[in-house]
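A.B. asks: Read off the chains here:
2 protein chains.
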Amino acid sequence: MKITEYLKNKGKVIDAALDSYLPRDTDYPKAIHRAMRYSAFSGGKRIRPILVLASCEACGGKIKEALPVACAIEMLHTYSLIHDDLPAMDDDDYRRGKLTCHKKFGEAIGILAGDALLTFAMELLSRGKNPGINNNIIRTVTEAIGTYGMIGGQVVDIEERAETDLPTLTYINAHKTGALIAASCKVGAIATGASDKKVRALERYGAYIGFTFQVIDDILDKEGFALALGVGGARREAARLVERAKQELRVFGRKAKALRDLADFLLTRKK
Amino acid sequence: MKITEYLKNKGKVIDAALDSYLPRDTDYPKAIHRAMRYSAFSGGKRIRPILVLASCEACGGKIKEALPVACAIEMLHTYSLIHDDLPAMDDDDYRRGKLTCHKKFGEAIGILAGDALLTFAMELLSRGKNPGINNNIIRTVTEAIGTYGMIGGQVVDIEERAETDLPTLTYINAHKTGALIAASCKVGAIATGASDKKVRALERYGAYIGFTFQVIDDILDKEGFALALGVGGARREAARLVERAKQELRVFGRKAKALRDLADFLLTRKK
Chain A
30 MKITEYLKNK GKVIDAALDS YLPRDTDYPK AIHRAMRYSA FSGGKRIRPI LVLASCEACG
90 GKIKEALPVA CAIEMLHTYS LIHDDLPAMD DDDYRRGKLT CHKKFGEAIG ILAGDALLTF
150 AMELLSRGKN PGINNNIIRT VTEAIGTYGM IGGQVVDIEE RAETDLPTLT YINAHKTGAL
210 IAASCKVGAI ATGASDKKVR ALERYGAYIG FTFQVIDDIL DKEGFALALG VGGARREAAR
270 LVERAKQELR VFGRKAKALR DLADFLLTRK K
Chain B
30 MKITEYLKNK GKVIDAALDS YLPRDTDYPK AIHRAMRYSA FSGGKRIRPI LVLASCEACG
90 GKIKEALPVA CAIEMLHTYS LIHDDLPAMD DDDYRRGKLT CHKKFGEAIG ILAGDALLTF
150 AMELLSRGKN PGINNNIIRT VTEAIGTYGM IGGQVVDIEE RAETDLPTLT YINAHKTGAL
210 IAASCKVGAI ATGASDKKVR ALERYGAYIG FTFQVIDDIL DKEGFALALG VGGARREAAR
270 LVERAKQELR VFGRKAKALR DLADFLLTRK K
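Here the protein sequences come in this chain order: A and B.
If you count the first sequence from 1, you need to add 29 to reach the numbering used here.
If you count the second sequence from 1, you need to add 29 to reach the numbering used here.
Hints are not guaranteed to be accurate.
You can't tell identical chains apart in this list, so a pair holds if it fits in one copy or across any two.
With a Cα cut of at most 27 Å, we get these calculated DSSO-like pairs of lysine-lysine [unchecked claim]:
1. K227 - K158
2. K91 - K284
3. K37 - K275
Bear in mind the hints are in silico, worked out from the structure with no lab data behind them.
This one's a predicted model, so the numbers in the text were calculated from it and none came from an experiment.
Could you build all of it, start to finish, from the sequences and the hints given here?
C.D. replies: This is the structure:
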C-alpha cells in the first residue's frame, strides 16, 4: 500500500475511534464536551496516533490493541495545542484555518478543555485490559509530557523567544515536539507486550522521526534550523535523521514497512 | 490523640513527602519547578491528603502505602486552585494571603504549572508497587477530576455565576469540591487493598464530608447554602451530613477514630 493511502485509512480509523471514546457533546455540561470535540476534530494530520498504530503493527500486534492508546496520545497532543494557543502563551486566533478553542468558546473553557483532554486521556489509558501494560504506558506518557519533556520545552520556548542559538533550539524541539512523538512509537510497542529491545528500538526511531518532523517544519516555515543551518544544510540533516530512524527498524523486518515509508514521507511533505 | 494534634502531625508527614516527590527547583527549566513548589507549599490545610491517610488507617493499612497517593491528591487539588485563580477564571491575585501562582510567575507559567502538577500526579500514581491498584486509583481519580466531576463543576460555576438556586449550587459543590474529597477517601482504601464494601463505605463517607466541607465554607463566607437555607438551616444540614458520614464508619470500628473526629471537627472550623 502507498503511504498516502495508509495515512488516509489509518486517519479514518482514528477519527472513528476518537468519536466513540470522547464524551458526547449532548452530555452535561455541554460547553466543555463541545470544546473538546471541536479541537479534537479540527483537521489534525493524526501523525502521532498513526505512529502508535504503525509501531504496534511493526511488533506484530493488531491495531485494535493499540487504538485506545493512539487516541489518548492524540488527545494529549490536542490539549497541548489548545494551551499553547492561549493569549498568555502564543496568542493564536486561528489554527489550520479554524478559530482556536479559546476564540470559539472563551478563554475559561479553552483552559478547561485542555485540562479535560489531558485528564480524559489518562482515564482512557487506565481502562486497558492489562494493568501492567496500562501502568507502563501511563508512566512513559507522563514522563514525555511533563516538565522534563513537553512542558519543559514549552517553558524554554516562552522564556527564550528571542533566542535562536542551536543548542536552545535543539532543546526546545526535542522536548516540545520530540518527546511525545518518541513516546508515541514506544507505547505502540508496549501495548503489544513487545520485548524491551523492540520497545527501545521504536523509542529511538520515534526520537529521530520527531527531530526530522521539526526540521522539516522549520524549513517550511523558514524558521529555527533553516535559519541556523540554511535550507540546504537543514534538508541534509533531515535526510541523515531519516536514515538513522530506518536503521532502527531492521529488527522488525517487513512488518515495519509503514514506519519506513512514513520516515521517507516526512522528507517530502509540503505542509 | 486530639484531632488538632492528629492534623498537625499528618500535615508534617505530607509536607515532607511532597518535598521529596516534587521535582527539585534547581532542575532545568527552573521556573516551572519553582512555580509548582510555590503553590504546593502555600499554606494549604492538607485536608484531602489527610483523608487519604486516615482512610488507609481505617482499613488497617500503614500510611507509608498511601503516602504517594496522598501527595498526588494534594498536587491535583493544587493544580485546580492554580487554574481557578487565573484571570480568565476567578481572576484572584491572592490566595491565603500570598500572591497566586500566575501573579508571582506570570500567566503562562501559571497555566503550565497547573498542567505540570496534574501530569506529575498521574506519573506518581503510576509508580506504585502494585499495577492493579495503581490502575484502579488512576481510574477513580481521573473520573473524579474530569468533566463529569471537578471540571464539570467548574464549568457550571463559571456559566451560572449569577445563579443561586439550590439544585445548581448542589451540582457545583458536589462536583467542584465533593468529587475529589470523596475520591480521596476511596483511594486511601484502595491503596490498602481493602474490600469493595469498605472502599464503597469510605467513598460515601467522603461524599458526605465533601458536602459538609462546602456547607461550612458557605456559612463562613455567607454564600451559597447559607443564603439559600439561612445560617441556622445550613448548620443543621451540616450536622445531619456529619451524622450520616459517621454512620458509614461503623464497619471499621476503632480504626476509624480519626475519620470520626475529623467529621466532627469540620463542624467547628472557623476558617
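A.B. asks: Each hint needs a verdict: does it hold in this structure or not?
C.D. replies: Hint check:
1. K227 - K158: both (21 Å within a copy, 24 Å between copies)
2. K91 - K284: within (12 Å within a copy, 49 Å between copies)
3. K37 - K275: within (22 Å within a copy, 58 Å between copies)
This entry satisfies every hint, going by the numbered hints stated previously.
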